[in-house]
Amino acid sequence: MLRLAPVLLGRLARARRWAPVLRRGGTASGEEELFVFPEYEPEPSEAAATAATAAAATAGTEAAVPLPCQERKLGRERRKRGSGVVEAGRPDPSVPLSGVSCSGCGAELHCRDSAAPGFMSAEKFRSLSEGPDGAAGLRGAVCQRCWKLAHYGQALRLELPAEQHRLVVSAALRRPLRHGRGPLLLYLLDVLELPDPVLSQLPTLLGPDVPAAGLLVVGNKVDLLPADSPGYLGRLRQRVTEACAQAGLRGAPLVDIRLVSAKTGFGMEGLVSRLQRSWKCAGDVYLLGATNSGKSTLFNTLLRSDYCKSRAPDIISRATVSSWPGTTLNLLKFPIINPTCDRIFRRQERLKEEAAKTEDQLSSEEKKLLNNLKKQGYLVGRVGRTFERQKSRAVIDFDPDMLSYSIDEDPKPLSKKREQREEFTYNEVKDARWCYDTPGIAKENCVLNLLTDKEVKLVLPTSAIVPRTFILKPGMALFLAALGRVDYLEGEKSAWFSVVASNLLPVHVTSLSNADAVYKKHAGHELLKVPMGGEERMKEFPPLVPQDITLKGIGTTEAVADIKLSSAGWVAVTAHPEEKLLLRAYTPQGTALVVREPPLLPYISTVRGARIPGTAAYRTKKPPSLVENLKTTGRG
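As numbered in the numbering used here, residues 2 to 637 make up the sequence shown, in order.
Careful, some of the hints might be misleading.
For lysine-lysine, the following DSS-like pairs were computed, each having C-alpha atoms within a straight-line distance of at most 25 Å [said to hold, decoys possible]:
| # | residue 1 | residue 2 |
| --- | --- | --- |
| 1 | K553 | K455 |
| 2 | K521 | K474 |
| 3 | K632 | K353 |
| 4 | K474 | K581 |
| 5 | K474 | K522 |
| 6 | K494 | K376 |
| 7 | K368 | K632 |
| 8 | K455 | K522 |
| 9 | K553 | K581 |
| 10 | K369 | K632 |
| 11 | K376 | K622 |
| 12 | K622 | K375 |
Computed beta-carbon distance windows for the label pairs [stated by the list, open to error]:
| # | residue 1 | residue 2 | range |
| --- | --- | --- | --- |
| 13 | Q349 | P231 | 27 to 33 Å |
| 14 | G534 | L490 | 29 to 35 Å |
| 15 | E355 | G232 | 21 to 27 Å |
| 16 | R620 | K494 | 18 to 24 Å |
| 17 | N339 | K632 | 28 to 34 Å |
| 18 | N372 | V96 | 17 to 23 Å |
Rather than coming from a laboratory, the hints here were simulated on the basis of the structure.
Note that the Cβ used here is the ideal one computed from N, Cα and C, for glycine as well.
Use the sequences and the hints to build the structure in full.
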């Protein structure tokens, strides 16, 4: 009887459903009102996973190795629980460095020290490097840190000083000139972080000895912000322009300012066209920016666009993308395609053809991807490829004698041929211009530096932000998790406070007289959510430090300023004309509190539903998503 190999079955992960929930409570005087958005499900206990790991560790080298099917099942269960409990591989200090970079973060692969960048277990390192190809067998492999980030969402702490990232970038920019031209600097700026904390450091980073031929500033993550009024993208672009002027950028000429979403593809085709028109094949390109600005996501999107050589996506692995700051540790690169006149023409013809399509003309796979992106962001774009190489069908070799066996003997294992990894030829890259992804520059005075990997995932928004608006009277306080607080101390009338932050962060409204008690009781617990870990966690977490703010209202529909609570989000304050407000805002000690005037989204308080009766909250409202290069009407 002939048996075939087991069929690999896919499993769809169940998505958690989140719903806005209003909870009401009160003090003895009945003053307190509590709002939590959205409702959270308690995380399953990790005790079972921890106990299993401990048992395996104590079993020593004689412990039984699980079967492949059991290992896959354990992995699925761990990911489903979100436990992130993964056994670390064993190091071997006697093995020399490989000289091969991790395809995910750029660090040199080795098995010497588990706390150093680029580490992988000694067993895996040997299995890949001791074959016929030697160290070349490690090409395309990822280090243990990238593996855990991608498969378990677990961030490993590395013994790497923050200044090391800056040194890597500075050294790369000071390389000898290639092709007789200085590099084009593509600075990626997170529009949620305006004013950008690293942009002003760019002249110092470059120094007088970096002859950059041009600077292109890209405002990223515009997909996360709702449209508060018509023409809001033009206003956002103006805010980025003002940030560049305030940063005192000089030396490298400013080529252009673009707004994109590297994640959903909005503005990406326009960015590629702009890069090809302005730079063509004159020199290398470096992606610069602060941590968590989205450089690796942009790198991956450009890698699968018309900006890179057609064979590059089959040869170069994607960069590791994670919410954990500082994922990229060294340089990653792909070769830029030469934008000849013929290629530019063919690309323009494809863009015209795709822009004329309607959603009902897309394939089922394209529709599925588009609908998924619409759920993640307000602005979506479709990034295609004009010069994609046609792949030949793989030829399957098999031996009938190896497949057949009698009932009395075990099946013979099929001989596995080592998969040949594609490589660039010398002629393809000898004169190539390269696009480099560089390590992110660490942000100082940032609340993310105080958080664990689980807390960072809750704080950084990964889907379209739904603004939450509250109308507060003097003598009330608003908490954004346990990371920020705004007190309304003095004023004649009520004012509107619109929270623009991750949908996973809870907002809590209470009386000013009860605010300190609320923080003391609930910081570190489920009610305020972040930080998490109870009293022990809060003992090491910095206390909230106040800063008094005086504002003067300009209208009931237009915010006067944003109170930016470091990288946790901001609160837009809207008040009656000429109304004077005295506020007191708090952020953790050592983090930056910024009063942003003018506000980024001045009309954000109008993006709301009806007032919830008997409360200070308004119902939330999520504007529809917009697809950039797709007709909105169907065929007539």
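Hints, verified against the model:
no., hint, verdict
1, K553 to K455, "violated (38 Å)"
2, K521 to K474, "holds (23 Å)"
3, K632 to K353, "holds (11 Å)"
4, K474 to K581, "holds (13 Å)"
5, K474 to K522, "holds (24 Å)"
6, K494 to K376, "violated (38 Å)"
7, K368 to K632, "holds (14 Å)"
8, K455 to K522, "holds (22 Å)"
9, K553 to K581, "holds (5 Å)"
10, K369 to K632, "holds (17 Å)"
11, K376 to K622, "holds (14 Å)"
12, K622 to K375, "holds (15 Å)"
13, Q349 to P231: 27 to 33 Å, "holds (29 Å)"
14, G534 to L490: 29 to 35 Å, "holds (31 Å)"
15, E355 to G232: 21 to 27 Å, "holds (26 Å)"
16, R620 to K494: 18 to 24 Å, "holds (22 Å)"
17, N339 to K632: 28 to 34 Å, "holds (32 Å)"
18, N372 to V96: 17 to 23 Å, "violated (48 Å)"
Checked against the numbered hints given earlier, the structure breaks hints 1, 6, 18 and satisfies all the rest.
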